[in-house]
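J.: Chain by chain, the residues run as shown.
2 protein chains.
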Amino acid sequence: MGSHTASAARDKRSRRSHGGITLAEVARLAGVSPITASRALNTPEQVSAGALQKVRDAVQLTGYVPNLLAGGLASSRSRLVAAVVPAIGGGTVFMEMVQSLTESLATSGYQLMLGQSGYAQSREDALLDAIIGRRPDGLVLTGVMHSLQGRRRLQASGIPVVETWDLTPTPIDMLVGFSHERVGTAVADYLHAKGRRRLAIMSGDDERAVRRTTAFVARARSHLGADATLPSVAVGAPSTVGSGRRAFAKLLDEHPDIDALCCGSDVMAAGAIIEAQVRGMRVPADLAVIGFGDLGFSADLHPALTTVRIDGTAIGRQAASFIVERAAGRGVAERVVDIGFSIVERASA
Amino acid sequence: MGSHTASAARDKRSRRSHGGITLAEVARLAGVSPITASRALNTPEQVSAGALQKVRDAVQLTGYVPNLLAGGLASSRSRLVAAVVPAIGGGTVFMEMVQSLTESLATSGYQLMLGQSGYAQSREDALLDAIIGRRPDGLVLTGVMHSLQGRRRLQASGIPVVETWDLTPTPIDMLVGFSHERVGTAVADYLHAKGRRRLAIMSGDDERAVRRTTAFVARARSHLGADATLPSVAVGAPSTVGSGRRAFAKLLDEHPDIDALCCGSDVMAAGAIIEAQVRGMRVPADLAVIGFGDLGFSADLHPALTTVRIDGTAIGRQAASFIVERAAGRGVAERVVDIGFSIVERASA
DNA sequence: GTGAAAGCGCTAACAT
DNA sequence: ATGTTAGCGCTTTCAC
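Residue numbers (the numbering used here), protein chains in the order written: chain P, 46 to 394; chain U, 46 to 394.
Rather than coming from a laboratory, the hints here were simulated on the basis of the structure. Errors might be hidden in some of the hints.
Copies of the same chain are indistinguishable here, so a pair counts whether it falls within one copy or spans any two.
Cut-off 25 Å, straight-line C-alpha distance, at most; resulting in silico cross-link-like pairs (SDA-like, lysine to any residue) [said to hold, decoys possible]:
| # | residue 1 | residue 2 |
| --- | --- | --- |
| 1 | Lys239 | Thr152 |
| 2 | Lys295 | Gln105 |
| 3 | Lys295 | Leu212 |
| 4 | Lys239 | Arg122 |
| 5 | Lys295 | Leu193 |
| 6 | Lys295 | Gly154 |
| 7 | Lys295 | Asp170 |
| 8 | Lys239 | Ala344 |
| 9 | Lys295 | His347 |
| 10 | Lys295 | Ser202 |
| 11 | Lys239 | Gln144 |
| 12 | Lys295 | Ala349 |
| 13 | Lys295 | Ser62 |
| 14 | Lys239 | Ala96 |
| 15 | Lys239 | Ala94 |
| 16 | Lys295 | Ser121 |
| 17 | Lys239 | Gly116 |
| 18 | Lys239 | Pro111 |
| 19 | Lys239 | Ala171 |
| 20 | Lys295 | Thr358 |
| 21 | Lys239 | Gly178 |
| 22 | Lys239 | Arg354 |
| 23 | Lys295 | Leu74 |
| 24 | Lys295 | Ser162 |
| 25 | Lys295 | Ala171 |
Because the structure is a prediction, the values reported are computed rather than measured.
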């Protein structure tokens with residue numbers, strides 16, 4: 046009698062149906078059951094050659110495109126991965142990672158959904174709802190999630206999470222990043238080794254940039270003495286060529302004698318180089334400039350920009366791999382990867 | 046007896062359930078029916094204050110996040126909008142639009158799903174499948190869809206489509222863009238009005254850039270005579286500072302006497318300015334340079350870059366508005382918007 | 001290799 | 001204002 050009820054329901058042409066082609070129709074055309082059609086599309090090796098061909102013909106004929114909402118609901122695998130970045134604008138260091146992530150995921154049949162957190166942590170709750178609500182098969186965060194509330198919600202959701210661009214002893218789940226402290230230290234050492242002694246810093250005001258700066262200052266003081274002057278300017282995110290120019294102008298007005306400048310991003314460094322040229326300073330003769338990010342234009346500036354390179358492509362690839370492996374049910378051997386960094390020596394420093 | 050079957054099925058704790066909190070559980074906790082809980086979340090004005098409070102308490106208590114896959118399947122409104130861009134990398138003119146689109150959509154409760162087409166039209170079919178399969182409530186394309194196959198599939202899908210960054214007499218659905226021909230013409234006029242007579246062009250090789258270039262050349266010839274020399278270089282996408290430098294170097298080696306350069310993007314223009322400075326040319330005294338896009342850095346170059354400004358923010362806002370209005374069932378008054386462009390006069394030309 | 005039945009979690013459609 | 005019922009289109013489960 047259950048089947049009686051069900052078939053009766055199926056008989057009266059539903060008024061909720063929106064006229065799209067469904068798997069059931071493809072199956073009917075192919076002369077097989079819906080489940081066989083489903084298998085022909087998802088696991089063709091489980092289906093006989095004859096059935097396979099008939100289903101494929103029917104798909105071709107109808108232009109059928111599977112409804113992934115329905116598929117995701119039934120299988121609880123949405124084939125969607127979410128990524129959260131501070132901003133989508135040009136000239137941010139994260140874009141290389143996003144590009145790589147998109148490509149790696151597409152290869153495995155996943156689609157990327159991009160969310161903007163904004164540099165201020167406002168609206169984070171709404172963004173998390175929008176993400177969790179779609180039941181993505183993975184979530185990639187730029188930076189680590191600090192709010193306890195956010196961490197709890199993500200953990201409760203059961204979504205595989207990859208935090209990136211940082212290291213932390215307490216990741217939510219998986220992690221691929223590098224040490225910002227070590228970057229600051231390495232840059233201070235680099236400039237010192239080049240004989241620079243009157244260092245200045247301009248940097249973003251986000252938490253990771255601050256940690257690089259702090260480490261830079263600490264190391265510089267250990268080289269130059271605890272009472273060394275280390276002028277610094279913090280620039281609100283997002284950093285731009287313009288904010289770099291202005292910050293450097295201000296720095297120079299107050300401290301005209303500096304001989305090296307450590308910048309929080311290549312974009313700001315480009316601004317500083319422009320401002321220096323306008324003022325008739327020679328880079329690197331009068332002023333060494335070092336950036337962060339190794340963006341696409343950095344090698345083509347004049348002088349070519351010495352900078353800290355982060356392999357965003359590798360971060361994206363690794364994050365994608367973590368998520369795909371997890372989805373496949375395979376355990377991920379190492380859940381934390383330190384991707385490292387390198388100082389790319391060019392003309393500017 | 047139908048209900049008998051249904052309740053029997055509901056009784057045996059399903060082994061497919063994945064332990065997440067469902068609306069049914071929230072409703073039970075609140076002591077109301079599932080549909081009332083649903084209304085409390087989606088259309089609170091239809092629910093009594095008492096019920097509303099009880100549902101909200103239950104949501105708070107459980108940390109319930111609605112499953113949007115299920116909701117989308119049931120309502121055929123996915124609250125998802127897809128956008129296709131050639132590339133996600135930094136320094137492309139489209140990012141301003143994407144940012145604006147993301148924000149406008151978020152305000153209306155939609156989430157953006159970003160797809161990369163790549164500059165080559167390969168894999169377009171797979172991308173369309175990935176998009177159509179998720180039944181987005183709208184699709185924003187950068188540029189117009191040319192392939193007949195693609196147009197047909199989109200039309201058959203019934204998804205509201207907004208083509209952008211171009212005008213065409215035959216849009217698939219909705220359109221917000223500007224005339225690339227008029228841009229080319231206007232730039233030729235501008236340089237001519239500034240007294241420049243030995244013009245050169247370097248430009249991307251994508252279809253829209255080619256149309257700008259063609260119009261530029263035609264107008265320049267009408268000013269200078271049909272036999273005027275108009276050296277030009279096409280650069281494969283994506284254009285970068287480096288490709289701009291190299292293209293300009295090549296151009297200059299073959300035609301050292303040019304006095305104005307029209308660039309297909311601000312990024313290439315920045316490269317040309319750098320190369321000019323390296324060679325000791327003065328911009329704009331020896332060479333006028335005009336770009337395209339008015340990217341974030343353009344006003345802060347030295348000299349500040351004269352360029353063609355496209356209001357990407359307006360494009361994104363308009364596209365979002367088109368889609369949201371369509372989803373609300375309201376007819377969109379004007380389905381085609383010419384957003385125009387302007388030449389921003391700065392120091393470089 | 002193939003299929004019938006029973007959901008996945010939600011909302012539209014009709015009650016009341 | 002609230003509830004009942006019947007799906008949305010797919011896949012899992014279990015049986016053959």
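J.: State for each hint whether it applies.
T.: We went through each hint and held it up to the structure:
no.: 1; hint: Lys239 x Thr152; result: neither (44 Å within a copy, 51 Å between copies)
no.: 2; hint: Lys295 x Gln105; result: neither (65 Å within a copy, 49 Å between copies)
no.: 3; hint: Lys295 x Leu212; result: neither (33 Å within a copy, 45 Å between copies)
no.: 4; hint: Lys239 x Arg122; result: neither (54 Å within a copy, 60 Å between copies)
no.: 5; hint: Lys295 x Leu193; result: neither (38 Å within a copy, 56 Å between copies)
no.: 6; hint: Lys295 x Gly154; result: neither (50 Å within a copy, 42 Å between copies)
no.: 7; hint: Lys295 x Asp170; result: neither (37 Å within a copy, 52 Å between copies)
no.: 8; hint: Lys239 x Ala344; result: within (20 Å within a copy, 33 Å between copies)
no.: 9; hint: Lys295 x His347; result: both (22 Å within a copy, 18 Å between copies)
no.: 10; hint: Lys295 x Ser202; result: neither (47 Å within a copy, 56 Å between copies)
no.: 11; hint: Lys239 x Gln144; result: neither (35 Å within a copy, 41 Å between copies)
no.: 12; hint: Lys295 x Ala349; result: both (24 Å within a copy, 20 Å between copies)
no.: 13; hint: Lys295 x Ser62; result: neither (65 Å within a copy, 61 Å between copies)
no.: 14; hint: Lys239 x Ala96; result: neither (71 Å within a copy, 70 Å between copies)
no.: 15; hint: Lys239 x Ala94; result: neither (69 Å within a copy, 70 Å between copies)
no.: 16; hint: Lys295 x Ser121; result: neither (55 Å within a copy, 56 Å between copies)
no.: 17; hint: Lys239 x Gly116; result: neither (59 Å within a copy, 61 Å between copies)
no.: 18; hint: Lys239 x Pro111; result: neither (60 Å within a copy, 57 Å between copies)
no.: 19; hint: Lys239 x Ala171; result: neither (48 Å within a copy, 51 Å between copies)
no.: 20; hint: Lys295 x Thr358; result: neither (35 Å within a copy, 31 Å between copies)
no.: 21; hint: Lys239 x Gly178; result: neither (52 Å within a copy, 57 Å between copies)
no.: 22; hint: Lys239 x Arg354; result: within (19 Å within a copy, 42 Å between copies)
no.: 23; hint: Lys295 x Leu74; result: neither (73 Å within a copy, 60 Å between copies)
no.: 24; hint: Lys295 x Ser162; result: neither (30 Å within a copy, 43 Å between copies)
no.: 25; hint: Lys295 x Ala171; result: neither (38 Å within a copy, 51 Å between copies)
Consistency note: the structure conflicts with the earlier hints numbered 1, 2, 3, 4, 5, 6, 7, 10, 11, 13, 14, 15, 16, 17, 18, 19, 20, 21, 23, 24 and 25.
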